[in-house]
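**Student:** First to last, the protein sequences are chains X and P. Taken in order, the first sequence gives residues 304 to 562; the numbers are from the working numbering. Taken in order, the second sequence gives residues 29 to 907; the numbers are from the working numbering.
Bear in mind the hints are in silico, worked out from the structure with no lab data behind them. On a predicted model such as this, the values are computed, not experimentally measured, just so you know. Accuracy of the hints is not assured; some may be wrong.
Sample of chain X residues with no beta-carbon within 10 Å of chain P, all distances over it, derived [said to hold, decoys possible]: (1) Asp345; (2) Tyr346; (3) Ser402; (4) Lys431; (5) Glu451; (6) Ala456; (7) Leu515.
If the Cβ cut is set under 7 Å, some of the chain X residues that face chain P in the computed set are [stated by the list, open to error]: (8) Gln379; (9) Ala383; (10) Ala387; (11) Thr391; (12) Pro397; (13) Phe408; (14) His414; (15) Ala418; (16) Phe432; (17) Lys466.
No farther apart than 25 Å at their CA atoms in a straight line, the calculated lysine-lysine pairs in the DSS-like style are these [claimed, not checked]: (18) Lys431(X) - Lys715(P); (19) Lys551(P) - Lys567(P); (20) Lys658(P) - Lys642(P); (21) Lys431(X) - Lys533(P); (22) Lys104(P) - Lys480(P); (23) Lys610(P) - Lys67(P); (24) Lys417(X) - Lys431(X); (25) Lys900(P) - Lys651(P); (26) Lys715(P) - Lys742(P); (27) Lys417(X) - Lys104(P); (28) Lys594(P) - Lys533(P); (29) Lys860(P) - Lys794(P); (30) Lys417(X) - Lys533(P); (31) Lys594(P) - Lys610(P); (32) Lys567(P) - Lys431(X); (33) Lys614(P) - Lys642(P); (34) Lys642(P) - Lys417(X); (35) Lys165(P) - Lys691(P); (36) Lys900(P) - Lys419(P); (37) Lys860(P) - Lys846(P); (38) Lys431(X) - Lys149(P); (39) Lys871(P) - Lys691(P); (40) Lys104(P) - Lys67(P).
C-beta atoms are modelled at their ideal positions from N, C-alpha and C, and glycine is treated no differently.
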Amino acid sequence: MQNQNAVLIEPMEDSLSPLELRARAGYYQLLAGAFAEEPGCDYLAALRAPEAMAALVDLGFQFDADFTGVPLDELQDTLACEYATLFTTSGGCPPVESSRLTGRFQQEPFHDVKAIYQHCGFALQPGKFAVFEDQLGVELSFVAALLENQAAALESGDMATVKRLEKEVKRFWATHLGRWVRGYATLLARATEHSFYREIARLLRDFAEAELALLKVRVDDVDGGREVVPKSEIEVLFNPDEPVCGGCEHGKTQNGAYA
Amino acid sequence: MLNFKITRRAFLQASAATTAAAAASPKLLRAMETELGGKDFNPVGYSERKAIPITCHVCNIQDGALAYVENGRIVKLEGNPEHVSTRGRLCAKGNSGMWYSYDPDRILYPLKRVGARGEGKWKRITWDEALTEIAQKLDAALKQDPNSIMLKYGRNRSGGVVDRFMNTLGSATVMNHTSVCESSKKVGMEPTWGPDIETPDFANAKYILNFGSNIMEAAYFHNPYSQRLADGMADNKAKLVTFDVRLSNTAGRSDEWIPVFPGTDGAVALALGHVILRDDLQDSDFIETWTNVTVAELKEHYQQFTPEWAEKLSGVPAATIERIAREFATTKPATTYTYRGPAKHLYGSYNEKATMMLPIMTGNIEVRGGYCMPRGMGWPQPQPEPPKPAKPSWIADHPDYPLAHHKVSHLTPFWIAEGKQKINVYFSYQDNAVYTNPGSDAVWGKLYRDEKLIPFYVCMTPFMGEEATLADIILPDCPYLERWEPESMPNSLWPWLGIRQPVIKSLGESRENRIMMRDIIHKLDPDGKRGMKKYWDFKDGEDYMRHHFDNVPGLKEAGGLNFLKKHGVWPIYGKLDPATGKIVDKTGREIQPEYGLHKKELSAADMTGAVVEKNGAIMKNGKAVGVQRKGKNYAGFPTHDRIINVRVDEWAEYGFNPMPTFKQIPWHRTMRDDEMILTTYKINVHKQSRTSAVKWLAEIMHSNPVWLNTETGKKLGIKTGDLVRVESAVGYLVTKAYVFEGIHPKVAAISTAFGHWAYGRLAQLKLKTEKGGAWGAQDDPDLNNVWWEDKGVHPNQIIPVVADPIGGSQGWYDTVVKVTKAGPNDKYGDVKASWEKHVEAFKETMRYAYTGDLHRKMHPEMASWGGPGSVKHKEGGGH
Ligand code: SF4
């Protein structure tokens, strides 16, 4: 089932500098911090630092007073509850690929990413809580680690490793992240009641689009949270009331003749 | 090119001549379905999947199953062909069990409530934080009174762990769910012949009387029993007659469905007995040899129960009763079977007793094709074991219900509200009382929300059921495919021991019951100084199982736990014959059970030091171990005097009729013309409360219109699909009607399992309405296609409590209701009920207890009874 959707991977035009690779890794890690577990005080304090806030505002992400204007402890507590409501209690939307794509935990994506981590020399280490291998925080951390390694390989001139890791990242987007994070981010932005997760979800979505463009990976997002365009916003290029053929009642003119 | 000129006719002619050759030709293909029992293959790569034997626990029939695992995933469940009862078949529920493990609404971490109770605000906490908080509360409670720690369990198959936990804490306040299940069936039977259930030998019977059991789809033990029933009806031409208020799937497949007025099965059974005894069709030798009454006594007692009397009560024509009685008594072997139908009434114990008298008086006990005792096996507990609590608990050993040895759990909220027992810490284990009990949210929800009555509530569950939403701490339990548990169930005539073993590692941070409870005790007694830790000295679930199974005689020689891990069940009685679906021995013959357990003769060693009393009871060390009859020393029945007690003297001590009898439910007698009885029932693809979120099952059935008879519909002007209001004395609900012939005209029936207001998005259809509820799940066509909009309406809120004063059962089928067309302001799914009205119902039902003012009025035949003051109180404690 997993690879049935359209995937197109093209070669990237430019190789990136170690600096750029590390900057991207930083974004992955930043996003991972919001999902891997309840955001901690250090993480939140760093994110609320004026420079970080300013940078995010520049990018178009605007956190409300519920994030910027409350004491750190209180914020941490509020976000822990929001985290539980969104991700760890019944009726929420766990940030877990298996759950998003198959409607249940620990299915093909779980086993697949586990094998990929292993193949790349990684293993999940227990944090404060046990998480699934296909949890968003883990998947994002994985790419961050690959990018860090890619930067290091670039610095040491190991171009074979650079190419291998670049392929690995692309493949991971094509077979995993690219299939669900954009749709999921859309859903999360709708579901949350806190500006932190709303803006993080927007960041996730925009970052995913940017990464896919950069990596030249084209893959359909099949997560059920994909934006549903309201019918009223659909522009039709024909008049739906216009008779299409004369073979049905609809196509008859008032006097019974066929148009 | 060769050109055969053969016509179709020529082909047909030739085929007749070549049949023998065709038959002799080797058959290299067989239907996979039968050939592959016990094996499974990947449909794409054909690699064999790993099969792990387990015991199914979607419901409590405990069928032997195989879980097929591929690349670490459970991909399929099917029956274990080595299991003597299951014979390789599971029901629809059993086939769907893996969705419990993988349910994305499953609770995977300890959760702590952060808002008001029920507000839905939670924080994930670590196990250590959860255990620390629980241990602190337990410590404080222990200082006040160990009995202020309460545990109520629903489905407990832990094999003794829950009792060990509560005994370790020294609390006797353990409540079960039996009174909303079948306790009056148990209490109706136990003092009479010992066991709490019968094992009918359907496969070999010639005549089967079924009273209120939906054996082909939901009753105990429907999967193995429906197979045997089909064997009996097809191979043995057995006749099945079903008395039921409803045309259940069992009634529909019976030779005769006889609708009865609710709660009157007992009267019908007594009238059947009347005809049998009047016409001298009884088995006099059996009665005189194996019961504590004479034929003459019985004949005299039964004179009052005429078919005409029963017809007035039940609506079953006297002529039908006469005919069925004669058929039953003269067709041998014959058996009865009952389940909740007769037992879940105000005087359910009397009904059960009345029905079991039929196989007794016709001598169909413990014979091939008859009514047999259950066969089970036990296992030893790990040592050392904690002692029993020092003090009885008021609510667990309730003084007003001394004969209800399986407790009267459904009255607990009222007793706690009355202040009869102070609760400091309340645990629930797999028990969604807020959904499953009478009064539902109006009663149990009210109790759980009240922090004065329940100051600290810990819910052990894998799912956010209605009860869990009201907890202070939720501990993530494992669904059954991730647990170790010992099993044995008398679901056929062959005793067996079985195991449940984890098929996959538990997901997230869920922990199975014995680990959770061990961890709580270890936190409470870290250095063992409290003397608790020593009872919880085991490494893991498997280690615990070794204590159970490695020293069971017979199993030990076969390999103990290792044998069970490999086969799932012990003993293996034979092989499943794919052609017949039966278990056969080495010679290809179907294996036969052992009958006549009561006629097992005692050995010389058994008799050493034994004394035979005047009534024949063989006494040893102050206990009856057998009974002497016709010069032989038999094992007899497991009662206090080893014979069948048709007359239960203990009942008379409390002013109840010790002989078979029937009591009409007083409020049924005074019902008005426009009133009906509400009855509930279970269906074949759901169990009571825990399957609505299982997608395959939810798709098959997800709503529950109220069944009404055509005649009733006409009278009320109600058609199928109409919105109706069903109103009882405690509340009302609004649902849709389903009008047809298959129900008694005075009955309205609503099935359970639906109308959840918690339990996850599929049960609640939350995904349809809430913005965060979407599944995603594009790869899953089932979930991507939840096409239904109707989740049903749950009836329990409008069902008031009723307690059988003998057996303690809830009178599920006693509620008087009025059904009317819904009003302009009624909406589908509206349910309203009031705590105050439920309290009135509670007070009313207590009047029927042996201490209540209506007890004497209901028992004029016991006029010589000395009243509650005459009762010598015995030590409390259940069976
Ligand atoms: S009846 Fe069905 S659900 Fe119950 S134990 Fe058997 S297979 Fe499992």
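**Student:** Work down the list of hints and note, for each, if the structure agrees.
**Tutor:** Going down the list of hints, with the structure as the test:
1. For aspartate 345(X), the requirement that its beta carbon stay farther than 10 Å from each beta carbon of chain P is met, with the minimum near 18 Å.
2. Listed as a non-interface residue, tyrosine 346(X) keeps its Cβ farther than 10 Å from every Cβ of chain P; the least gap is roughly 16 Å.
3. A beta-carbon of chain P is positioned within 10 Å of the beta-carbon of serine 402(X); the least distance is around 4 Å.
4. Residue placement check: lysine 431(X) does not keep its beta carbon more than 10 Å from all beta carbons of chain P (closest about 7 Å).
5. Remark: the non-interface label on glutamate 451(X) is consistent with the geometry, its nearest Cβ contact in chain P lying 28 Å away (cut-off 10 Å).
6. The non-interface label for alanine 456(X) is consistent with chain P: the shortest C-beta to C-beta separation is roughly 32 Å, beyond 10 Å.
7. For leucine 515(X), the shortest C-beta to C-beta distance to chain P comes to about 18 Å, beyond the 10 Å cut-off, and the non-interface label holds.
8. The interface hint given for glutamine 379(X) is violated, since its Cβ lies 11 Å from the closest Cβ of chain P, which is over the 7 Å cut-off.
9. Interface hint at alanine 383(X): satisfied, since its Cβ lies 5 Å from the closest Cβ of chain P, which is below the 7 Å cut-off.
10. Taken as an interface hint, alanine 387(X) checks out: its beta carbon lies about 4 Å from the nearest beta carbon of chain P, inside 7 Å.
11. Look at threonine 391(X): its Cβ gets to within about 5 Å of chain P, closer than 7 Å, so that hint holds up.
12. About 6 Å separates the beta-carbon of proline 397(X) from the nearest beta-carbon of chain P, less than 7 Å, and the hint is met.
13. Satisfaction of the interface hint for phenylalanine 408(X) is found here, the shortest Cβ-Cβ separation to chain P being roughly 5 Å, below the 7 Å cut-off.
14. Because the closest C-beta pair between histidine 414(X) and chain P is about 5 Å apart, less than 7 Å, the hint holds.
15. For alanine 418(X), the shortest C-beta to C-beta distance to chain P is roughly 9 Å, which exceeds 7 Å, and the interface hint is violated.
16. Because the closest C-beta pair between phenylalanine 432(X) and chain P is about 6 Å apart, less than 7 Å, the hint holds.
17. The criterion of a C-beta within 7 Å of any C-beta in chain P is not met by lysine 466(X), whose closest approach is roughly 30 Å, and the hint is violated.
18. Using a Cα cut-off of 25 Å, the hinted pair lysine 431(X) and lysine 715(P) is violated, with the two alpha carbons roughly 36 Å apart.
19. Restraint check: the Cα-Cα separation between lysine 551(P) and lysine 567(P) comes to about 16 Å, which is no more than 25 Å; the hinted pair holds.
20. With a C-alpha separation of about 13 Å, the suggested pairing of lysine 658(P) with lysine 642(P) holds against the 25 Å cut-off.
21. Annotation: proposed proximity of lysine 431(X) to lysine 533(P) holds, straight-line Cα distance about 19 Å (limit 25 Å).
22. Annotation: proposed proximity of lysine 104(P) to lysine 480(P) is violated, straight-line Cα distance about 47 Å (limit 25 Å).
23. Taking the CA atoms of lysine 610(P) and lysine 67(P), the gap is near 18 Å; set against the 25 Å cutoff, the hint holds.
24. Straight-line distance between C-alpha atoms of lysine 417(X) and lysine 431(X) comes to about 19 Å, which keeps the hinted pair within the 25 Å bound.
25. Restraint check: the Cα-Cα separation between lysine 900(P) and lysine 651(P) comes to about 21 Å, which is no more than 25 Å; the hinted pair holds.
26. Distance restraint check for lysine 715(P) and lysine 742(P): the Cα-Cα separation of roughly 32 Å exceeds the 25 Å cut-off, and the hinted pair is therefore not satisfied.
27. Taking the CA atoms of lysine 417(X) and lysine 104(P), the gap is near 22 Å; set against the 25 Å cutoff, the hint holds.
28. Between lysine 594(P) and lysine 533(P) the alpha-carbon distance is near 18 Å, which keeps this suggested pair within the 25 Å criterion.
29. A hinted pair counts as satisfied when its Cα atoms are at most 25 Å apart, and lysine 860(P) with lysine 794(P) qualifies at roughly 21 Å.
30. This hinted pair checks out: lysine 417(X) and lysine 533(P) have alpha carbons roughly 15 Å apart, not beyond 25 Å.
31. At roughly 22 Å between alpha-carbon atoms, lysine 594(P) and lysine 610(P) fall within 25 Å of each other, so this suggested pair holds.
32. Simply put, lysine 567(P) and lysine 431(X) have alpha-carbon atoms about 23 Å apart, close enough for the 25 Å limit, and the pair holds.
33. Straight-line distance between C-alpha atoms of lysine 614(P) and lysine 642(P) comes to about 47 Å, which puts the hinted pair past the 25 Å bound.
34. Note on lysine 642(P) and lysine 417(X): the hinted pairing is violated, with a Cα-Cα distance of about 75 Å set against a maximum of 25 Å.
35. Using a Cα cut-off of 25 Å, the hinted pair lysine 165(P) and lysine 691(P) is violated, with the two alpha carbons roughly 47 Å apart.
36. Simply put, lysine 900(P) and lysine 419(P) have alpha-carbon atoms about 19 Å apart, close enough for the 25 Å limit, and the pair holds.
37. A hinted pair counts as satisfied when its Cα atoms are at most 25 Å apart, and lysine 860(P) with lysine 846(P) qualifies at roughly 15 Å.
38. At most 25 Å may separate the alpha-carbon atoms for a hinted pair to count; lysine 431(X) and lysine 149(P) meet this at roughly 21 Å.
39. Between the alpha carbons of lysine 871(P) and lysine 691(P) the distance comes to roughly 20 Å, so the proposed pair stays at or under 25 Å and holds.
40. For a cut-off of 25 Å, the pair hint linking lysine 104(P) to lysine 67(P) stands: about 11 Å separates their Cα positions.
In summary, the numbered hints that this structure violates are 3, 4, 8, 15, 17, 18, 22, 26, 33, 34 and 35.
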